[in-house]
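J.: Sequence:
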Amino acid sequence: MSLVLTGCCLISSGLPSVANADEPAEQTGSVSVKVFDTNAPGWRQLDGDDFVRVNGDDQTLTWEGTEALGSGQPIGVTRTNFEVKNFELVIQWMHLKPAGNSGVFAWVPMSALKDLPPNRLPNTGIEVQMLDLDYGRMYTEKTGKPPTWFTSHGDIFAVGKSSMQPFPPLSPDGHRSFPSAETTNPHGEWNQYYVRGINGEIRLWVNGVEVSGGRSCSPDEGFLCLESEGSPIRFREIWLRELP
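Read in order, the letters of the sequence shown correspond to residues -21 to -1, 1 to 223 in mature numbering (1 follows the signal peptide of the UniProt record, and there is no 0).
One or more hints might be untrue.
Calculated lysine-lysine pairs in the DSS-like style (CA-CA distance at most 25 Å, straight line) [to be verified]: (1) Lys76 with Lys124; (2) Lys93 with Lys140; (3) Lys64 with Lys93; (4) Lys64 with Lys140; (5) Lys76 with Lys121.
Derived Cβ-Cβ restraints for the label pairs, each shown as a range [stated by the list, open to error]: (6) Leu75 with Asp37: 15 to 25 Å; (7) Asn18 with Arg213: 24 to 34 Å; (8) Thr122 with Asn18: 40 to 50 Å.
Just so you know, the hints here were simulated from the structure itself, not pulled from any lab data.
Where a beta carbon is used, it is the ideal one built from N, C-alpha and C, also for glycine.
Let the sequences and hints guide you as you build the complete structure.
T.: Below, the structure written as C-alpha cells:
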C-alpha cells in the first residue's frame, strides 16, 4: 500500500531516498504531499508493542491498534523498545487543542531515561519539535515578548548534554535549525513528519517539504521517544525503516 497525507494535491511518488536527499521536494504552489510505499523493503509499522513507558502513567499514551492518544500529562516520554542508529521515520500527528507542544526525540541514550522522574524530559538527544501554530500567540500573551527563539514549523535542536551543527536558517542563538518553509497544519488537522537520521545527520520533511536538520549530532545512536508536554495529541501511521 501507499500512505498518503490527505488534504493536499498529489505531488510526489516516494519519500526522498538517500541518493536524492539534497534534491528539493517537487511542489505545486505552496502545497505538497508525501507518499511512500509501505511495501518497499525494510519498512515496518510501529504500534504499542514497540514502545515502553518511561516516566508517564497508564493514560499518558494509550493505543488503539496503530494509533496512539497522548494525554500530555505528566510531561515526559515514551521510548521505543529498541535503539536505532541510521533510520527513516514517518509519523503523522495532530494536536487536539490550540498551542499544543510535543515532539519526537532521536538518539536518546538509556542513561538519560533511567530513573527519569515524571514531569522531566531527557537531557540528552535530538528533538524534532511538534508545536501547534497557536503556540507563538500563547507565548506572547504570557510573556509580552515576540516568539523569536522558536517556530511552529519543525525546529530541530540538541537538548541538554547533546550537540549538533544545525542547518540554516538558525534561531537567534544559533542553537536551533529553523525551518526553511512554513508547512505545518493547525490543531485539528493531521501533519506528517518524515525524519531521516544517518551517521549523525538528521533531516526533517514536514508535509512533504524538507525544512530543517543538522549534522555532527552527538549522540548519534539511541532510542526514539514520543514526547508528552502538557497538551493532548494523536499519533498514527508510525513507520520505521532501519538503515545500514
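J.: Tell me the numbers of any earlier hints that the structure contravenes, in ascending order.
T.: As far as the earlier hints go, not one is violated by this structure.
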